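**Q** Using the sequences plus the hints, can you model the full thing?
Going line by line, the protein sequences match chains A and B. Residue numbering for the first sequence follows this note's numbering, beginning at 1 and increasing consecutively. Residue numbering for the second sequence follows this note's numbering, beginning at 206 and increasing consecutively.
Since the hints were derived computationally from the structure, they do not count as laboratory data. There may be inaccurate statements among the hints.
Covered stretches of chain B, as calculated for chain A (at least 3 residues, CB under 8 Å) [unchecked claim]:
1. 213-220
2. 256-269
Okay, derived cross-link-like pairs now, SDA-like style, lysine to any residue, Cα gap no bigger than 25 Å in a straight line [what the hints assert, rightly or not]:
3. B:Lys375 <-> A:Leu24
4. A:Lys195 <-> B:Gly252
5. A:Lys153 <-> B:Gly242
6. A:Lys195 <-> B:Pro261
7. A:Lys183 <-> B:Val264
8. A:Lys153 <-> B:Ile221
9. A:Lys153 <-> B:Ser258
10. A:Lys195 <-> B:Ile221
11. A:Lys169 <-> B:Asp222
12. A:Lys169 <-> B:Gly242
13. A:Lys195 <-> B:Tyr595
14. A:Lys183 <-> B:Lys375
15. B:Lys375 <-> A:Arg71
16. B:Lys215 <-> A:Ala191
17. A:Lys141 <-> B:Val264
18. B:Lys215 <-> A:Gly205
19. A:Lys183 <-> B:Glu376
20. A:Lys195 <-> B:Val264
21. B:Lys215 <-> A:Glu198
22. A:Lys183 <-> B:Gly223
23. B:Lys215 <-> A:Gly165
24. B:Lys212 <-> A:Lys141
25. A:Lys183 <-> B:Gln235
26. A:Lys183 <-> B:Arg234
27. A:Lys81 <-> B:Lys215
FRET-style restraints, in silico, Cβ to Cβ [to be verified]:
28. A:Lys153 <-> B:Glu414: 50 to 60 Å
29. A:Ile177 <-> B:Arg251: 19 to 29 Å
30. A:Lys153 <-> B:Glu468: 49 to 59 Å
Predicted model, so just to flag it, every value in this text is computed and none were measured. Note that CB positions come from ideal geometry on N, CA and C, so glycine has one too.
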Amino acid sequence: MSIYDDNGGEHDRPTDEELVRDFLDGDGDGAAFEELVSRYESVIMNMAYRLLGNRSDAADVCQEVFVLLLRKLGSFRGEAKFSTWLYRVSLNACHDYARRLRRHVSISESPGDDLPDIEQRLADDGFDSPETSMERAEIQKTVREAIARLPYKFKEVIYLHDISGYNYKEVAEILEISLGTVKSRLNRARARLAKELEGFREQMG
Amino acid sequence: MKMRCSKANKLIGPFIDGELAAPETQELRQHLDACDGCTQRYAFMRGLVREVSSLPAIVPTPEESYRLINRLRREVAAPAAPKPASKRIQVAAAALSMLVVATVAGVSIAVWSSGGTAPVTEETAADGGEHGEALSEQGSQETGFVADETRGLGLAAATVTRPDLVVSEKEYNPEELEGFRNDLGTRLDFYSTYWYPASGGAAEPAVLEQLQGDLTDDLARQAAAAGQNPDELKAAVAVVLEQQSGEPILPCYAERAKIDGKEAWLVSVSGPEDYLLFPDRQQPPAMFLASLGGEEGLKISESLLRELAARLAPYNDTDGPLIPAGAIKSQKEPPLDGSTTSETPATTEGTPGETPGEAEAQEDFQSFLRGLAAQGTSLDLISALEGLNYEQILMLLHGDWAALAVGGVNLSDFLSPPPRLWAVDCTTNEVIWESQ
Numbered sequence: 001m002s003i004y005d006d007n008g009g010e011h012d013r014p015t016d017e018e019l020v021r022d023f024l025d026g027d028g029d030g031a032a033f034e035e036l037v038s039r040y041e042s043v044i045m046n047m048a049y050r051l052l053g054n055r056s057d058a059a060d061v062c063q064e065v066f067v068l069l070l071r072k073l074g075s076f077r078g079e080a081k082f083s084t085w086l087y088r089v090s091l092n093a094c095h096d097y098a099r100r101l102r103r104h105v106s107i108s109e110s111p112g113d114d115l116p117d118i119e120q121r122l123a124d125d126g127f128d129s130p131e132t133s134m135e136r137a138e139i140q141k142t143v144r145e146a147i148a149r150l151p152y153k154f155k156e157v158i159y160l161h162d163i164s165g166y167n168y169k170e171v172a173e174i175l176e177i178s179l180g181t182v183k184s185r186l187n188r189a190r191a192r193l194a195k196e197l198e199g200f201r202e203q204m205g
Numbered sequence: 206m207k208m209r210c211s212k213a214n215k216l217i218g219p220f221i222d223g224e225l226a227a228p229e230t231q232e233l234r235q236h237l238d239a240c241d242g243c244t245q246r247y248a249f250m251r252g253l254v255r256e257v258s259s260l261p262a263i264v265p266t267p268e269e270s271y272r273l274i275n276r277l278r279r280e281v282a283a284p285a286a287p288k289p290a291s292k293r294i295q296v297a298a299a300a301l302s303m304l305v306v307a308t309v310a311g312v313s314i315a316v317w318s319s320g321g322t323a324p325v326t327e328e329t330a331a332d333g334g335e336h337g338e339a340l341s342e343q344g345s346q347e348t349g350f351v352a353d354e355t356r357g358l359g360l361a362a363a364t365v366t367r368p369d370l371v372v373s374e375k376e377y378n379p380e381e382l383e384g385f386r387n388d389l390g391t392r393l394d395f396y397s398t399y400w401y402p403a404s405g406g407a408a409e410p411a412v413l414e415q416l417q418g419d420l421t422d423d424l425a426r427q428a429a430a431a432g433q434n435p436d437e438l439k440a441a442v443a444v445v446l447e448q449q450s451g452e453p454i455l456p457c458y459a460e461r462a463k464i465d466g467k468e469a470w471l472v473s474v475s476g477p478e479d480y481l482l483f484p485d486r487q488q489p490p491a492m493f494l495a496s497l498g499g500e501e502g503l504k505i506s507e508s509l510l511r512e513l514a515a516r517l518a519p520y521n522d523t524d525g526p527l528i529p530a531g532a533i534k535s536q537k538e539p540p541l542d543g544s545t546t547s548e549t550p551a552t553t554e555g556t557p558g559e560t561p562g563e564a565e566a567q568e569d570f571q572s573f574l575r576g577l578a579a580q581g582t583s584l585d586l587i588s589a590l591e592g593l594n595y596e597q598i599l600m601l602l603h604g605d606w607a608a609l610a611v612g613g614v615n616l617s618d619f620l621s622p623p624p625r626l627w628a629v630d631c632t633t634n635e636v637i638w639e640s641q
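**A** Encoded structure:
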């Protein structure tokens, strides 16, 4: 399921936009804001993690994004979907943060080393042989590192399209760029990744 | 017309993504059928996209969630909050208090399942400087508080969780204070940092005293930075600590407010029993609980437990005494059951000659529970009771928390944390309100 599906397939769940309206009207019981935070905390954390390559920074940005949300929700006009608006706000926050730290092209040496054990172990799950598992873990590590080294603009499209599952049109809408630019950035980003993963061509082909 | 490899290369990405128009798709397919090089490139790129899209997601840890909530709570409570949003902000404040619980419920397994590895402490230690810096920045820019001297805080190296200070100037009435939850996030933070078994050490008298002093100083510094009289706050915290002298508690939250028109400091403390704030099905290690000997409040009355035990006694097939005389630990009367249950004396032996079956026991138990429901007893409590067996009911009667925890019983169903909030008059330095 794409995360673009606000309702998670459940008909009785309020949409994000309905929650925003409840929050802004101020006559709800406050659960609207609670629900928005709980729906998006993990999404924003993951976005920030992929874009900044560092968990501690991701947690900080996540806080900044929700503070912004608290302050700026009043300016959400409903022209775009809430998730589109939130992604835009979040991507900008990540970019600002990266610029502030001047770290966006020199993130941690081994992104992913600060991941919880559970993620580190994921590659060992399933029915693969130990050799295959190690190989997969190695590929995943290389992919993570290669993404982390991408220029920020490339990371954005990789994150939105390949990781989050947005289509070209949606990526264009979120980033406020043309469809052609989305295609071009995605192609160039993947070409760079492909170069770094050349050593695994046989396993991945 | 034959497609060139350079063009095919450009189309492979959109083709994989399902974004290629039909005529071009057809053209590309024909090219791939005829070109091994491009076919290999296509397979490689497809594998690459698959790898990228299957990178495992990260899950916010409990501490990250608490920090987020605390940060938002500070934002909501900040005096500089824009006026037009005041009603909204208040609503959000209530929501955020609830959210702490909701968020914790979602991620708390990570805390409890971490065994003795103390991930929270390690993580905190690792980024402590950075976190402190971030807090300072928030203080000066967003809440109007001047940055405080975090680095001067004399806390143990592994602990950086700091108390919270808020100058809300809000007017509370006692009813509102009963439902006060502004300190909840901080108390959860404190539990993870100071009381969670693996983080260890805070309950040691020497460490405790040191921490109490350091945390009070920290609050005082924050008060001064917020334009408040630090000595006044220190005195209020001292009064509160004195109320619970000798207990393992740490000052974790202070709010400048008005109680029934009086200027007051609301002071909240954290204690090891705060594990009960986690609405969690997992249990902290039983031995740790047993070692606490804290002051939990039993949610169910002793009389009710006695009646339950008496009812079930005939169905119990064990030989020993069912409720040993004098063995019942004295408990405070309950806040929750609200029952007018009669004081049925405990039965100490089964009915001679009768060995009723499990079905009867179950029926009797159910009828007892229906009776409780009719009296308006909390449904959660009834549901929790339903999950107990006879021995566990006796354990509840005896206050044998450790044994219950070992048996997988969720103690927070039956116990509530002790009162931890006081309001101290700023002028007279007297306690003018305390939670029950």
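**Q** Run every hint past the structure and note whether it holds.
**A** Hint-by-hint comparison with the structure:
Closer than 8 Å: that is the beta-carbon criterion, and the region 213-220 of chain B has 3 residues meeting it against chain A, so the requirement of 3 holds. Residue count for the region 256-269 of chain B with a Cβ under 8 Å from a Cβ of chain A: 11. That meets the three needed, and the coverage hint holds. A threshold of 25 Å between alpha carbons decides the hint, and for B:Lys375 with A:Leu24 the separation of about 22 Å falls inside it, so the pair holds. The hinted pair formed by A:Lys195 and B:Gly252 meets the criterion: a straight-line CA distance of about 13 Å does not exceed 25 Å.
A hinted pair counts as satisfied when its Cα atoms are at most 25 Å apart, and A:Lys153 with B:Gly242 does not qualify at roughly 29 Å. Between A:Lys195 and B:Pro261 the CA atoms are separated by roughly 22 Å; this keeps the pair inside 25 Å, and the hint holds. With a C-alpha separation of about 30 Å, the suggested pair A:Lys183 and B:Val264 falls outside the 25 Å cut-off, and the hint is violated. With a CA separation close to 21 Å, the supplied pair A:Lys153 and B:Ile221 stays within the 25 Å bound.
Annotation: proposed proximity of A:Lys153 to B:Ser258 holds, straight-line Cα distance about 18 Å (limit 25 Å). Of the supplied pair hints, the one linking A:Lys195 and B:Ile221 holds, its CA atoms being roughly 18 Å apart against a limit of 25 Å. In summary, the hint linking A:Lys169 to B:Asp222 is supported, as the alpha carbons are separated by about 12 Å, within the 25 Å threshold. Straight-line distance between C-alpha atoms of A:Lys169 and B:Gly242 comes to about 30 Å, which puts the hinted pair past the 25 Å bound.
For a cut-off of 25 Å, the pair hint linking A:Lys195 to B:Tyr595 is broken: about 67 Å separates their Cα positions. For a cut-off of 25 Å, the pair hint linking A:Lys183 to B:Lys375 is broken: about 54 Å separates their Cα positions. Our distance criterion of 25 Å between C-alpha atoms is met by B:Lys375 and A:Arg71, whose separation comes to about 21 Å. Straight-line distance between C-alpha atoms of B:Lys215 and A:Ala191 comes to about 10 Å, which keeps the hinted pair within the 25 Å bound.
Straight-line distance between C-alpha atoms of A:Lys141 and B:Val264 comes to about 18 Å, which keeps the hinted pair within the 25 Å bound. Simply put, B:Lys215 and A:Gly205 have alpha-carbon atoms about 18 Å apart, close enough for the 25 Å limit, and the pair holds. Distance check on the hinted pair: A:Lys183 and B:Glu376 sit about 57 Å apart at the alpha-carbon level, beyond 25 Å; violated. At roughly 30 Å between alpha-carbon atoms, A:Lys195 and B:Val264 are farther apart than 25 Å, so this suggested pair is violated.
The straight-line distance between the Cα atoms of B:Lys215 and A:Glu198 is roughly 18 Å, inside the 25 Å bound, and the hint therefore holds. For the proposed pair A:Lys183 and B:Gly223, the alpha carbon gap of about 12 Å is at most 25 Å, so the pair holds. Taken as a hint, the B:Lys215 and A:Gly165 pair is honoured in the structure, with Cα atoms around 20 Å apart against an allowance of 25 Å. A C-alpha spacing of about 31 Å is found between B:Lys212 and A:Lys141, which places the hinted pair above 25 Å, so the restraint is violated.
Proximity of A:Lys183 to B:Gln235 is assessed by CA-CA distance (about 22 Å); at most 25 Å being required, the pair is judged to hold. About 20 Å separates the Cα atoms of A:Lys183 and B:Arg234, which keeps this hinted pair within 25 Å; it holds. Restraint check for A:Lys81 and B:Lys215: the C-alpha separation of about 31 Å exceeds 25 Å, so the hint is violated. Separated by about 55 Å at the C-beta atoms, A:Lys153 and B:Glu414 satisfy the suggested range of 50 to 60 Å.
Distance hint for A:Ile177 and B:Arg251: a CB-CB separation of about 25 Å, consistent with the stated range 19 to 29 Å. Separated by about 54 Å at the C-beta atoms, A:Lys153 and B:Glu468 satisfy the suggested range of 49 to 59 Å.
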